[in-house]
Amino acid sequence: MSTEDLEKYETEMELQLYREYRDIVRQFTYVVETERRFYLANSVDLQVREAGGEVFFELKLSDAWVWDMYRPARFVRNVRVLTFKDVNVEELDKPDLELPAT
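Taking my numbering, the leading residue of the sequence shown gets 1, the next gets one more, and so forth.
You may find that some hints are simply not true.
[Unchecked claim] In silico EDC-like pairs for lysine to aspartate or glutamate, Cα to Cα no more than 16 Å straight-line: (1) Lys85 / Glu54; (2) Lys85 / Glu35; (3) Lys85 / Glu50; (4) Lys85 / Glu33; (5) Lys60 / Glu33; (6) Lys60 / Glu20; (7) Lys60 / Asp45; (8) Lys60 / Glu90; (9) Lys85 / Asp63.
[Unchecked claim] Pairwise CB distance ranges, derived in the manner of DEER restraints: (10) Ser2 / Glu90: 16 to 22 Å; (11) Glu91 / Met1: 20 to 26 Å; (12) Glu91 / Thr11: 29 to 35 Å; (13) Glu90 / Gly52: 27 to 33 Å; (14) Met1 / Arg77: 30 to 36 Å; (15) Gly52 / Asn88: 24 to 30 Å; (16) Leu46 / Asp68: 16 to 22 Å; (17) Gly52 / Glu12: 41 to 47 Å; (18) Glu33 / Arg77: 19 to 25 Å.
It is worth saying that the hints were derived from the structure and are not from the lab. By construction, the Cβ of each residue, glycine as well, lies at the ideal position given by its N, Cα and C atoms.
Please put together the full structure from these sequences, using the hints given.
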């Protein structure tokens, strides 16, 4: 496979992944970003841990979707992530689920 073919394949996979994300994002409550991956999840448990003087984060997600074009199965029941880097957790805004003001 040439470099050009590989780049074309990666571009097509990224576009396919984005379309999937766009179609499913409203099914989830949280967006979670770590240094390695991006997740959508409905339950997030983030714990700050310490071992040997080093601080790290333990992140447990359930009912999740993993942004990774190399994973054939992106929907997972449970995910556990350990990281020494920052973790960003944001609650998704779902305006279409809110009642209109009267």
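Checked hints:
Among the hinted pairs, lysine 85 with glutamate 54 is consistent with the structure: their alpha-carbon atoms are about 11 Å apart, no more than 16 Å. For the hint pairing lysine 85 with glutamate 35, the CA-to-CA distance comes to about 6 Å; that is within 16 Å, so the pair holds. The hinted pair formed by lysine 85 and glutamate 50 meets the criterion: a straight-line CA distance of about 13 Å does not exceed 16 Å. Taking the CA atoms of lysine 85 and glutamate 33, the gap is about 10 Å. The hint holds against a cut of 16 Å.
For the suggested pair lysine 60 and glutamate 33, the alpha carbons sit about 13 Å apart, so the restraint of at most 16 Å is met. For the hint linking lysine 60 to glutamate 20, the alpha-carbon distance of about 23 Å lies beyond 16 Å, and the restraint is violated. Under the criterion of a C-alpha separation no larger than 16 Å, the hint pairing lysine 60 with aspartate 45 is consistent with the structure, at around 5 Å. Of the supplied pair hints, the one linking lysine 60 and glutamate 90 holds, its CA atoms being roughly 15 Å apart against a limit of 16 Å.
As the CA atoms of lysine 85 and aspartate 63 are separated by approximately 23 Å, the hinted pair breaks the 16 Å bound. The given range of 16 to 22 Å is broken by serine 2 and glutamate 90, whose C-beta atoms sit roughly 39 Å from each other. Range check, glutamate 91 to methionine 1: about 41 Å between beta-carbon atoms, so the 20 to 26 Å window is missed. Between glutamate 91 and threonine 11 the beta carbon distance is about 31 Å. The supplied range of 29 to 35 Å therefore holds.
Between glutamate 90 and glycine 52 the beta carbons are some 31 Å apart, a value that agrees with the proposed interval 27 to 33 Å. Separation of methionine 1 from arginine 77 is about 34 Å and conforms to the stated range, judged on CB atoms against 30 to 36 Å. For glycine 52 and asparagine 88, the hinted distance range of 24 to 30 Å is satisfied, since their beta carbons lie about 25 Å from each other. At about 20 Å, the beta-carbon gap between leucine 46 and aspartate 68 stays in the expected band of 16 to 22 Å.
Under the hint 41 to 47 Å, the C-beta atoms of glycine 52 and glutamate 12, about 44 Å apart, fit the expected range. Between glutamate 33 and arginine 77, the C-beta spacing of about 20 Å keeps the proposed range 19 to 25 Å intact.
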